[in-house]
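**Q** Read off the chains here:
2 protein chains.
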Amino acid sequence: MAEKLKIISLGGLNEIGKNVTVYEYGGDMIVVDVGMGFPDDDMYGIDVVIPDFSYLIKNRDRIRGIFLTHGHEDHIGSLPYLLRDVQAPIYATRMTAGLVKLKLEEHRLLDKTKLITCEAGETVKAGKFTVEFIHVNHSIADAVSFAIKTPVGVCVHTGDFKIDPTPVSGGMIDLARFGQLGKEGVLALLSDSTNVERPGFTKSEKSVGESFEGLFRGCEERIIVTTFASNVDRMQQIISVAAKYGRKVAVTGRSMENAIKVSTELGYMQIPAGVLVDVNHLKSLPKNKICIITTGSQGETMSALSRMAFSTHKQVDIQAGDRVIISASAIPGNENSVGAVVNELYRKGADVVNERERALHVSGHACQDELKIIHALIKPKFFIPVHGEQRHLKTHAKLAREMGMEPNNIIISDIGKVIELTPTSAKLNGSVPAGRVFVDGYGVGDVGAVVLRDRKHLAEDGMIVVVASMSGEDGSLISGPDIITRGFVYVKESEGLMEELRLVAVAAIQECRDQRVKDWSAIKSQIKNDLSNFLYKKTKRNPMILPVIMEV
Amino acid sequence: MAEKLKIISLGGLNEIGKNVTVYEYGGDMIVVDVGMGFPDDDMYGIDVVIPDFSYLIKNRDRIRGIFLTHGHEDHIGSLPYLLRDVQAPIYATRMTAGLVKLKLEEHRLLDKTKLITCEAGETVKAGKFTVEFIHVNHSIADAVSFAIKTPVGVCVHTGDFKIDPTPVSGGMIDLARFGQLGKEGVLALLSDSTNVERPGFTKSEKSVGESFEGLFRGCEERIIVTTFASNVDRMQQIISVAAKYGRKVAVTGRSMENAIKVSTELGYMQIPAGVLVDVNHLKSLPKNKICIITTGSQGETMSALSRMAFSTHKQVDIQAGDRVIISASAIPGNENSVGAVVNELYRKGADVVNERERALHVSGHACQDELKIIHALIKPKFFIPVHGEQRHLKTHAKLAREMGMEPNNIIISDIGKVIELTPTSAKLNGSVPAGRVFVDGYGVGDVGAVVLRDRKHLAEDGMIVVVASMSGEDGSLISGPDIITRGFVYVKESEGLMEELRLVAVAAIQECRDQRVKDWSAIKSQIKNDLSNFLYKKTKRNPMILPVIMEV
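Chains S and Y, in that order, are what the protein sequence lines are. So the first sequence is numbered by full-length UniProt numbering: it starts at 1 and just counts up by one. So the second sequence is numbered by full-length UniProt numbering: it starts at 1 and just counts up by one.
It should be emphasised that the hints constitute simulated quantities derived from the structure, not laboratory data. Just so you know, nobody snuck in bad clues.
Any copy, or any two copies together, can satisfy a pair, since identical chains are not distinguished.
For lysine to any residue, the following SDA-like pairs were computed, each having C-alpha atoms within a straight-line distance of at most 25 Å:
(1) K398 to G321
(2) K101 to K114
(3) K538 to R436
(4) K261 to E105
(5) K379 to G185
(6) K289 to G246
(7) K289 to A359
(8) K348 to M405
(9) K540 to H457
(10) K427 to D351
(11) K427 to E3
(12) K456 to S494
(13) K206 to L175
(14) K456 to S532
(15) K492 to D47
(16) K456 to Y490
(17) K456 to T301
(18) K381 to D174
(19) K398 to D351
(20) K206 to I331
Turn these sequences into a full structure, and let the hints guide you.
**A** Okay, here's the thing in structure tokens:
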């Protein structure tokens, strides 16, 4: 029996983010993207979510290469965690490699990692796979799709993309190459589903530049622009229009400064000489000669824009009249934090312009009509929607059916599920370990469901600690019970309630003594139950109750 | 010196929700709306936010009446809390009074409250004020604006409104009356600012009916529709189109059942005989004869739609093919919970239709062009934007300036600030107590900033309790220290860390003994600091540390 091609996503299905896909044939594996995810609202205290890498770690000797489509965190962010246990050459375009390099330096992993720079059009052999880099448009420079040649056929893995006929740099997505691959025959298409719910086309990046023109022309005030740090083309457009209108540009916020450094070093940005100035030197310039580019488009508390608004930025304070341009849309879940910054900007008298009023942001992902073009060009035998929640995957499947694809040839998978492909068949067969691993501070994986459940409980109702010292000899109460609470009620104004709680605990201990209960854990249960019932009746609340008995 | 008119908002400025406005002249006061607010994301465990009513309580003998514009929670939700301390007649239209009645019954306040029903066009005298009810369009039936005649002039208080020339019931907003008032002369306009950032006009409620038509016509599957329970006209449209296509309608979810009960009793809904069926009787009907109207348009965990999706609803389980229509937009902050339900609906094979694809929801608030019409009709001397965050108030002020209003005649106030008006002047002068009071379970106001800060700390990092018994005589350690954690790390997998923590605590106690520290609070500080430093270095986390010393 001939070998089958296996495709396994370790992330990016039924979720947005942490994209990782494994292609496996015989003894060889390649990995496409190693992304990280962001915590949901109820994952209290979690900094970052990474994939469960145990399948890759177990098979580390079989990994022939790691291929990266582009430099966004949801495609490269988990690399430092994977590289702790797995060593394999990393292949990426120049911009992506530049960003990976920064990241690996930070984690002191650069020396032991083989990082190979490729260009669109190049082909890399990795075991039984041959991977071709194909230029695409996206909201970061130098993004690529992969055409992965395998013994059973060619797979096209789009990564994130859009079709932009007038991009700021790099030229339009290589539709010709996709068409050629389609004519030669493509076994499977794995395509981005992020914007599949939106009809029509995503607007060109150039349209944003036209909006900037209108806002810079004739403006006599300072202009402050915030956008995503990774969107180099956007920053290029801001700098170009600023230069055109005689403004100097200062950049503030660490990720923004890093992005400009990397992209100018690598030649992805052209900044006219003398335009960039240090943010400390703005004071000497007249208002209509100043443009500040800043982080904070998502309302992040510690970002430069937020600090300017709340007057905690060292160099820049918002002044009445400042024109603040928000060249980004709020990622779902961030609306309220963006709103808080915008309100504060208005309170300081700024003139805030956002994308509701003008085209100040365009997405980096293909909408329905663009996706249809890709389907029509590639004409794959099998279609596997990726990069999306269930709603996106199902809607993308519907789009593919509308394009004439056989329903049976569309595979909606899930993380960890194994898709087996032959030249004539595709089916789900079995699974490998996959899931979400939480990173909290330095800890990777030491916080899980139980800890998060406790955090949620503590968050909503606070806690009550009941401490008593009891005799190890005869079980008599020696000291306490003392009641300590945090996050429950104002203690000073609730002294009566605290005393009532103490009396309930005393009664519970007494009852245990009367019934000759000597097992500490039974006594603790009694205290917990009695207090819990008492409190719910009295306050309709359910704090975490922690009885502690010290045997003395 | 002549008396001045005072206008004081106790809520609804620099926030969305909890609208309360006080009009005061001489010894008389009236209150317009008594709304509640919803907690922000970081107000852990808070159920409801109400205004600080201390100013009204202090002046309870001067309150001549409470006037309600409409029955939404952000305009009536705090009534039960105010009526605990304040007794005054409540004036409202029939629909609003019906909803207030339900609420007061629940809080056992109905008997001692004087609730008077008025109709649009009527006028009520309350002390030195005369209040006229003016019909407006909004997303709930029977909404009104007030023209408040005072000794210094007429104030128009819009409440929430839109201009709908083709509403489902009740006729268009009474623009003629606004125009007449404008001609007679209006001193001040207090106008809704909710949608002031949106250009153009809000679509008519009727446009949603047309979308329903398209989705019901020819559909052979069950149809499940979710919307806001208070939107009676929306429900009327759903029921009408269902009846037209021969479907029976079942209603599920408590707030939806209540709303239908009140509005049919009061004659705000006309349901053809035999159309409504009990949700238990659906099983006997063919799929294309079923329409279910359900709560859950915001993805609320316990709502009927959420329970259907996650298979915990007693009578209805989502089946493959079900057409689920979400006739609502997600309120900012709810996108992720709505998304979770939608994903689960897709997973069960439902065909989900939302407002991105079709006009399935329209707002109840006026957009820019409607606001301009109101300004142009009323031509007030002074303008006070209300119902909005700073961004909305400022944008509404800009709109008023563009309509030709003097910048000095526009007052942007804040909660608690006193606006003083004479026939020729308006200015801010002084303030009264105002703020946010948190309701958690039965507790009103016993949770404040410190408790919330602790909850946030507990939520993000969990906690560590260190307990030790020490001799009251010589300060020697008798038992412990024991380490108990919750919401910090998996204890079973972190036994080594727990032992390290214990040793740090032992060392801290020992050091205190060596240095002859005998004060328990100093020893506790030492334990807390040492553990905190140790943990931050080792884990980059900062759990709440609670040292407890029992003196025995």
